[in-house]
Amino acid sequence: MTAAAMPAPSFLTSVAWVAPGLLDWPAARTVLRGESVWTAAELPTFQPERLPPNERRRASATVRMAFRVADEALRDAGVAADELATVFASADGDLAIAARICTALAQPPRQVSPTDFHNSVHNAPAGYWSIAVGATGPSTAVAAGDGSFAAGLLEAHLMAVAERRPTLLVAYDVPAPAPLQAKRPLRHAVGTALLLLPQDGPRTLASLRCAPLASTETVLDDAALEALRTDNPAARALPLLQRLACGHSDAIDLPLTPDLSLRVQLQCGSPP
Amino acid sequence: MTPLHIAAFTLTSALGHGREAHRAALHAERSGLRPAAFDLSQIECFIGEVERLDSPLPARLRAFDCRNHRLAWLALQQDGFLESVARLRARHGAGRIGVFIGSTTAGIHSAELAFRERVASDAALPDWFDYRHTQALGSAAEMVAAALELQGIALTVSTACSSSAKVFATASRALSAGLCDAAVVGGVDSLCLTTLHGFNALQLIGAEPCRPADAARRGISIGEAAAFAVLTRPQDDDGAPAGRLLGYGESSDAHHMSAPHPEGRGAAASMRAALRSAGLEVAAIDYINLHGTGTPANDAAEDRAVCAVFGSGTRCSSTKGWTGHTLGAAGAIEACLTLLCAADGYLPRSLNTRTLDPAFGAQVLLAAQRAPIRHALSNSFGFGGNNCTLLLGAA
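Top line first, the protein sequences correspond to chains S and U. All the letters of the first sequence, read from the start, carry residue numbers 1 to 272 under the working numbering. All the letters of the second sequence, read from the start, carry residue numbers 1001 to 1395 under the working numbering.
A hint or two may mislead.
Chain S side only, calculated, beta carbon under 7 angstroms to chain U, not exhaustive [said to hold, decoys possible]: (1) Cys102; (2) Ala106; (3) Gly134; (4) Thr136; (5) Lys183.
Derived, one-sided and incomplete: chain S residues facing chain U with beta-carbon distance under 7 angstroms [claimed, not checked]: (6) Arg110; (7) Ser139; (8) Thr140; (9) Pro179; (10) Arg184.
Hints are computed from structural coordinates only; laboratory data are not their basis. Beta carbons: idealized from backbone N, C-alpha and C, even for Gly.
Using the sequences provided together with the hints, build the complete structure.
What follows is the structure in structure tokens.
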């Protein structure tokens, strides 16, 4: 499908990223441009300052990851966090909580922690975020296995173009603890966030047009980065971010379902 | 929004399999809630259990086999739904029909059983446990797409108890942007120990069948259900539609993870957004299917919200006394129940509600009424303060 035949664009105005050894978008951008080499290093624990102290201490790994990239995306973005719609995308949600609950349920007295239970919902990071920033608009949480980033991008893009709402996409997945780790072997925690606006503006980094397409997914040339891309569903964003880092307008095919990609037509800078 | 046709719909719950079983139970005021135990759970409560989930999935879907996906498959086989989708597939192509499914726990019960089989705390999970095809939330939409032989966009929305209302909104956006030509939307959630024991830990489960809006309400009854609908653009629908999607509203409470805003702020915003989306006034709404879970806080907050938007002139009721709270399936099954009621001009009472809470101002029906339903709202509110309201039109 040509860009002209694709529906209206959304406008990407801010990007955030975190993975072990790639602690923010500027660091990732340098590596994606080939100006430095990625070395995985332990990820320091993020303190979500927007949460009250008692919740900050108890925040789960998924909440920390989501808040980390959401914070970075909104730093200097020139938008009010409480006015944004939000889309949170994760294939697996919080498997540490799921494992604790399933372990507790395996034996009498089968007592589930009430906090674990309300934190086990897939939209827990979305809920904590809306409370922390006072955002009363639409908020959603999606999952589509290894296509979860593309599914989240699709919904965020649609919120921007169909509802005309500035929308924050937050995509993350974190490794599971044993014994689920053996069934879902992610090595690295990864998070990324994109701020999509319905109209062009002075902060526009690129415009995006999206459409589903039966095609093979775009891969990365660098073997280490390609291994990271296939390790974590949130890292499936990397081919898009790599073109963005290089200022290279291109068509990128992100895996969405086993049969289908999401074709993203990336036009760097403001559209002509 | 541009109105959409609901070309087909089907539902399966403790009331039975398919539309006629639900219509009959609604008119007979027969609840599906029973004082049953699920699996090894010993919680004293009523549940809404679906019958005939014992058969494994057919060979082509076998990887997905688990209680949740069996329930989805059972529901998809009712009311000629498979045939409706086959006609759409022939018309638009398998790649142009999206699948948007709401679920809160997907096949987590399989994980519960797998953890129980471990002999020691450091033991591996059994080989038979297939995380990707059962517990993973994305499997809810992936399985429905596979079952219906569809190859378009497929994603799961998991926003707790608003999940399968929100899929109608997501699908509407995808249709309006031309990313698909038709959409299968729906919700499925099945009984599991996680939700039974989780809601019990929060002290939100009542020992008796749930009594929405009753002065003596004590909590929810958990049920399981699956419901599906086909959304099409009006110009693409040959026959008479089964109903219409005229609007939707989405909002966040931004208040608390597991308690509603006491004034129903987010719930009111959701209903107002649905009216705005449809371009309709308060007076055009003939019936509201409440979220109405039967907990003290939820029902009180929703009553405040309904009164703030509608005053006390709009008739409303909760159907959870029939089905129980079906969690991620609630949005879709209550949309389908509302369409059944609209087709019959039947406004159901709030089953099990004996004495209306004297603090309530909304017009909660304590007896069924016969009246035309041209436009109706269906409310779904979830943990995290996640709210969605659908505005449905009669066929």
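Proline 179 of chain S as chain U interface residue, shortest Cβ-Cβ below 7 angstroms: holds, 5 angstroms
query: Does cysteine 102 of chain S pass the interface hint, meaning its C-beta sits closer than 7 angstroms to a C-beta of chain U?
result: holds, 4 angstroms
- prompt: Does the nearest C-beta of chain U fall within a distance shorter than 7 angstroms of the C-beta of lysine 183 of chain S?
  reply: Holds - the Cβ of lysine 183 of chain S comes within 7 angstroms of chain U, reaching about 4 angstroms at its closest.
- request: Double-check threonine 140 of chain S for me: the hint is only fine if its C-beta lies closer than 7 angstroms to a C-beta in chain U.
  value: holds, 6 angstroms
message: Holds or violated: the hint that arginine 110 of chain S contacts chain U, with Cβ atoms closer than 7 angstroms.
response: Nearest chain U Cβ about 6 angstroms off; hint holds.
task: Please verify that hint: threonine 136 of chain S, Cβ, nearest Cβ of chain U, below 7 angstroms or not.
output: OK, holds: threonine 136 of chain S within 7 angstroms of chain U, min 5 angstroms.
message: Next item in the hint list is glycine 134 of chain S. Is there a CB on chain U closer than 7 angstroms to its CB?
response: holds, 5 angstroms
- prompt: Minimum Cβ distance from alanine 106 of chain S to chain U below 7 angstroms?
  reply: Hint on alanine 106 of chain S: holds, closest Cβ of chain U at ~4 angstroms, below 7 angstroms.
field: Given hint serine 139 of chain S near chain U, where the shortest CB pair must fall under 7 angstroms
entry: Where the cut-off is 7 angstroms and the nearest Cβ of chain U is about 5 angstroms from serine 139 of chain S, the hint holds.
task: Classify the hint on arginine 184 of chain S as holds or violated, based on whether any CB of chain U lies nearer than 7 angstroms to its CB.
output: holds, 5 angstroms
The structure meets every hint from the earlier list without exception.
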